[in-house]
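Chemist: Could you slot chain B onto chain A? The hints should help.
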Amino acid sequence: MVDMTDEPSPPNPNLADDEPPPDRRAAATSDPAALAELRSLAAVRDLVAGLSRPAAPDLREAVLGRIAARRRRRPRTRAAVAATLLAGCLAAFAVGRGRAPRPVAAPPPSPATVVAAVAPAAPAVVEPAAPTPTRAPVVARRFVGPPDERPALVRRLMERAGPVHVFLAADSRTIDAAGAAALVRLSSRRDFHRFDLPAEDDRPAAAVFVAVLDPAELRTLRMRLADALPGGVREREADPLLLADLARAETATTLRGAPAAELLVPRRELAIRSPVLDAPPEAEPAPAPPDVPAPAEAADDPATVLVWIPDGD
Amino acid sequence: MTSDRDDASLVEACRAGRTEAYGELVARHQDRLYPMVLRLVGSREDALDVLQDAFTRGFEKLDQYRGGSSFYTWIYRIAVNQAVSRLRRGRLRRTLRLLDLRGGRPIHDPPDESPSSVPSHAAERAEREAMVESALAALEPDHRAVVILKDFEGRRYEEIGELLGIPVGTVRSRLHRARQQLRRLLLPLVAEGPSDAAAVTDVEEAFP
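Protein sequence lines correspond, in order, to chains A and B. Residue 83 is where the first sequence starts when you use the numbering used here, and the numbers rise one by one after that. Residue 977 is where the second sequence starts when you use the numbering used here, and the numbers rise one by one after that.
Isolated chain B, as found in the complex:
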């Protein structure tokens, strides 16, 4: 709540003409938004560009922010829209094809390996991420958006439907088809069984 109040005061400062206050809002929220945008668009360069666009657009639309939700929720919606638009425009296709040509090497930031500094573990995890990223790149943009918002971001169906402007039933069906396609593409990983990072210990855990 304190954070929300602080955000609100920063928004007011921006409206009063103190543009530097917006820099503080950017600093506060960029780390929470960046992973989502990165997984939606698939490349670091595009993610940074989309996120900068989203923040810039947010500044220009500050007069439309009424404070009914948190600033983060508001800017999150803008960032999702920007990322999905970029994805749909297909400007990333070339980058994503390059990923295939490069043998599935990761095109995103290397993962944080703080739990373990063992090189083999890090390499294994990086390879797994690259495979997942490559599989995500093969999805249709609308399917990728749903699976990222649901499985990576943990959003509920209603939230995803609202964010993407589609019915909940469409969210469900797209999610299911996206997962089926991913399963085919990631068969080696799925067949491996649960890993330490992705353990499905019982049936109940199959349903979040």
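Extracted from the complex, chain A is given alone in its bound form:
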């Protein structure tokens, strides 16, 4: 085999080799100058070899800590990635099917601009909740992947555990899908998605909004939901059954986020911070029930958020 090298050869290969064959060893030692050179290089070698070898401090705790930290971080990251992939796929799916992206309903302007829709029977554009400037239609990006990866991506979303925040409207009479869309739109700088689920068994039909929110955006949305849903909104982590419903969505629509700041005055004490929002105002702040996870605002990573609005009809 040819021994390729990217560096110039040393001037005297006999001196460069610590593992020479006997003939080269003899050649090196027969020349006094080469011998002196050899000895000085060997002295250098021995100086390096003689460096101390300190023992390491105990790294067990630090290593296991890093492993645990990465495991904690991974699901949240996966959640964001899955949601983003899902969004891209849904947008691409419309193009891949040769279906033009559903244009924005021009007048009247919509608060939730439709970017792409995927459905045998896509829902009508979300009804306007407040007048906003008309947006130019947004065309979904050209899809360069397989024509339809939605099932795989939805499955990936389902396989995640824990990191998805789910807001369940306890009473749909106080908010409808259009209102929920407006709240998510105001809270999210990213595009978000609406899934329309048919009624199944004991579960009513529902509109589910899926968004990827930064911690500050999540806090804002939580406040807005608390304000808009005096009947209560429950916050919980996603479970596989809940996410499995997404795979049966009849329609999926991508909507444009448009964050807006607003001054929110809580109507009740602790309405902002308590995950249980229907507690009586005079009650002592109760500890969170065991099935209500602590919000993960401490982390900087974006979170996937589902807002589940059951059909009130």
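Derived by calculation from the structure, the hints in this document are not laboratory data. Just so you know, not all the hints are guaranteed correct.
[To be verified] Computed footprint of chain B on chain A, listed as stretches where at least three residues anywhere in the stretch have a Cβ under 8 Å from a Cβ of chain B: (1) 118 to 129; (2) 144 to 151; (3) 259 to 269.
Glycine included, each C-beta is placed from N, C-alpha and C at the ideal position.
Modeler: Frame of chain A; chain B shown alone:
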């Protein structure tokens, strides 16, 4: 061999979900890996960080460990890659420059002076180590990696070539140039002649 079998059972325990078994693997091998990583990267803080990264990465890649070599050989390769990557990224440059500014004081752990507790001997040895470390810091990262793996670790050319992903000829030439540069930088020590720790008694010993 017993150690290898034990390592294998610990690896299996890790795969079965017993993360604490990995702590035992870390404890077993950290002392053998740490000196190599320390000499490659040149500072204690970076060495500890690199070694923790290497062990963490090793855990995450355990499913790729097939048992064809010992666990130590496998994690050694990961540690070398991590250390060389760190060295190449140049994140240590600032630290190494600080060494010069601090007058060549050692930035690594003080050597074990168990053979002799005479203060002057310890001070002399510490000073010599500091000079060698400072000279190593002046080398190009790729040259430093070769000279550490060859002269400090005692690896053979083929092993170094495999570890670093370079041809054996490149290993030889880099080693030679690294030693020449070190000789210039360490001229006072080289001119001193062989010390008790680095004796070259005859020509044969010049060739390992």
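Chemist: Confirm or reject the coverage of the region 259 to 269 of chain A by chain B under the rule of 3 or more residues with a beta carbon closer than 8 Å to the chain's beta carbons.
Modeler: Answer violated; 0 residues pass the 8 Å Cβ test.
Chemist: With a cut-off of 8 Å between beta carbons, are at least three residues of the region 118 to 129 of chain A near chain B?
Modeler: Satisfied; 10 residues make the cut.
Chemist: Are at least 3 residues of the region 144 to 151 of chain A within less than 8 Å of chain B when you compare beta carbons?
Modeler: holds (count 6)
When the structure is compared with the earlier hints, a violation turns up for hint 3 alone.
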